[in-house]
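Asks: Line by line, the protein sequences give chains A and B. For reference, each letter of the first sequence is one residue, going 1 to 302 in the working numbering. For reference, each letter of the second sequence is one residue, going 303 to 413 in the working numbering.
I should point out that these hints are in silico values taken from the structure, not numbers from a laboratory. Honestly, I wouldn't trust all of these hints.
Just a sample of chain A residues kept apart from chain B, beta carbon distances all over 10 Å, derived [what the hints assert, rightly or not]: (1) Glu11; (2) Ala39; (3) Val50; (4) Ala56; (5) Ala118; (6) Thr125; (7) Asp157; (8) Gly199; (9) Pro200; (10) Gln230; (11) Arg264; (12) Asp268; (13) Glu288.
Pair ranges (Cβ atoms, derived) [unchecked claim]: (14) B/Asp355 with A/Pro70: 35 to 43 Å; (15) B/Arg354 with A/Leu295: 14 to 22 Å; (16) A/Glu229 with B/Asp355: 16 to 24 Å; (17) B/Arg394 with A/Ala213: 54 to 62 Å; (18) A/Glu229 with B/Arg336: 55 to 63 Å; (19) A/Ser65 with B/Asp355: 26 to 34 Å; (20) B/Ala409 with A/Glu279: 28 to 36 Å; (21) B/Gly385 with A/Leu47: 29 to 37 Å; (22) A/Asp64 with B/Ala322: 45 to 53 Å.
Quick caveat, the model's predicted, so the values are computed rather than measured. Virtual Cβ for every residue (Gly too), placed ideally from N, Cα, C.
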Amino acid sequence: MGESTLARQVEVMVDPQRLQLLALLLTDPDGEADTSRLAGPGGDMDLVQVHLEAMAAVGLLGRDSRRGGPVRYRPTHDALVRFGSLAFGGAGPHEHADRSEHGPILERITERLSVTFAGTFARETVARYVEESYSLLASRARVRQHLPALTSRFATDRLTALARTQDGSLHTTTDVLFVCVRNSGRSQIAACILRSLAGPGVRVRTAGSAPVARIDPAVVKVLIERGWEQIAEFPKPLTDDVVRASDYVVTMGCGDACPLVPGRRYLDWPVADPTGLEEAEIRVIVDEIEHRVRLLLTEIIP
Amino acid sequence: MRAAPSPGEAVVTAPALRLALSRQEAESTGALLRVVSDASRLQLLSLIHNSRDGEARVADLARALGLRSPTVSYHLRMLGEAGVVSRDPRGRDVWYSIVPERLASIADLLR
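With the sequences and hints as input, model every part of the structure.
Replies: Spelled out as structure tokens, the structure:
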């Protein structure tokens, strides 16, 4: 499970010297270094070695022993993504750095990285990372001359790592779960429409916090009348498993009965319950849900 | 007017400085990491962070993680004492959220 690897990494990084070593490595001109360079003149090489190996053991440093020389350590993607900002004092208060001095260069860095990461990160995301990386570095740089270069490398490394992390966790389908109270009206309408509109890349499920025996016949009638015929479900209870299996969880009045699972995108649509309403009113609800489903689909498949 | 900035970043590909983290800063970050270096606490923080409005109740968290409520309460108390989460009693419920100043530091661990 991801959390236990992460917990082990966090445990290893509790030691202040390791955070200091990571900060040195992240700003090293080569992006990697061996034990003696990290220990510095007169430093305790054995101790530094122990720290570096502990970080390597939990996948925060890669070891490279090419050319028969001493082992060189390089921060991994995990180290960059998870501990990059912490290693620069992200835990302490740091005021927003005055970037006016380097404004134009930072703009160019953002511009260049936006092109590099086009299709993966929006320009705003890139700009935020550049800005944040600059602030982190500026808060402890005595010599400001090299800040843009360091910012450029740090932001590039972090974005690269982030992109890989995202790629790695991509699954082939997007699972969407619609939840309402009875699982006989709103969630069925939404599921039916999304199933009709989306291709095989989207898997649609429904559930109810207090499911009833069958889908509301008046709802079925309106759906068929509107050409939405993919009604293939029966009301069923909401379980943790189905939430866990979903990427998107859309609730429509299920109250607080919906379990919260990390990493899922939660949406709450304030749509009226069609139960007991006239057909004309149900049509309005179907149209409203259709509108929301189409918007959701543009988010799922950009 | 100050001199124009050097033309592009290419000039300074290998900056001749390494930035150190001060001992004091490293210790304060280490102390924060110590509190969250536990799989259950990381899960709790991740859940709270990903909840609607960034807040959750003990019962929600216990159910989602399959933990007992007293266990969740214990972890939340530890996180509260370390200033990582805050509690907000509203009506009959207590809502927990991540202290905004801390969130910036640990958000990278919760994605």
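Asks: If I take the minimum Cβ distance from A/Pro200 to any residue of chain B, is it greater than 10 Å?
Replies: Given that every Cβ of chain B is farther than 10 Å from that of A/Pro200, nearest at about 28 Å, it holds.
Asks: Against chain B, does A/Asp157 keep a CB gap of more than 10 Å to every residue?
Replies: Correct as stated: the minimum Cβ-Cβ distance to chain B is 14 Å, above 10 Å.
Asks: Just want to verify: A/Thr125 was marked as not at the interface with chain B; is every Cβ pair farther apart than 10 Å?
Replies: With a cut-off of 10 Å, A/Thr125 remains clear of chain B, as the shortest Cβ separation is near 13 Å.
Asks: Beyond 10 Å from every Cβ of chain B: is that where the Cβ of A/Asp268 lies?
Replies: Answer for A/Asp268: violated, closest chain B Cβ roughly 7 Å.
Asks: In terms of Cβ atoms, is chain B entirely out of 10 Å range of A/Glu288?
Replies: 21 Å, holds
Asks: How does the Cβ-Cβ distance of B/Gly385 and A/Leu47 compare with 29 to 37 Å: does it lie in that range?
Replies: Hint holds: Cβ distance 31 Å, inside 29 to 37 Å.
Asks: Over 10 Å to the closest beta carbon of chain B is the bar; see if A/Val50 clears it.
Replies: Check passes; 16 Å lies beyond 10 Å.
Asks: Hey, does A/Ala56 actually stay past 10 Å from chain B on C-beta?
Replies: At about 18 Å from chain B, A/Ala56 clears the 10 Å cut-off, so the statement holds.
Asks: Is it the case that A/Ala118 keeps its Cβ farther than 10 Å from each residue Cβ in chain B?
Replies: Holds, because the least Cβ-Cβ distance between A/Ala118 and chain B comes to about 19 Å, which exceeds 10 Å.
Asks: Beyond 10 Å from every Cβ of chain B: is that where the Cβ of A/Glu11 lies?
Replies: 4 Å, violated
Asks: If you check the beta carbons of A/Glu229 and B/Asp355, does the distance land in 16 to 24 Å?
Replies: 37 Å Cβ-Cβ, so the 16 to 24 Å window is violated.
Asks: Honestly, do B/Asp355 and A/Pro70 meet the 35 to 43 Å range at C-beta?
Replies: 51 Å, violated
Hint check: violations occur at hints 1, 11, 12, 14, 16, 17, 19, 20 and 22; the rest are consistent with the structure.
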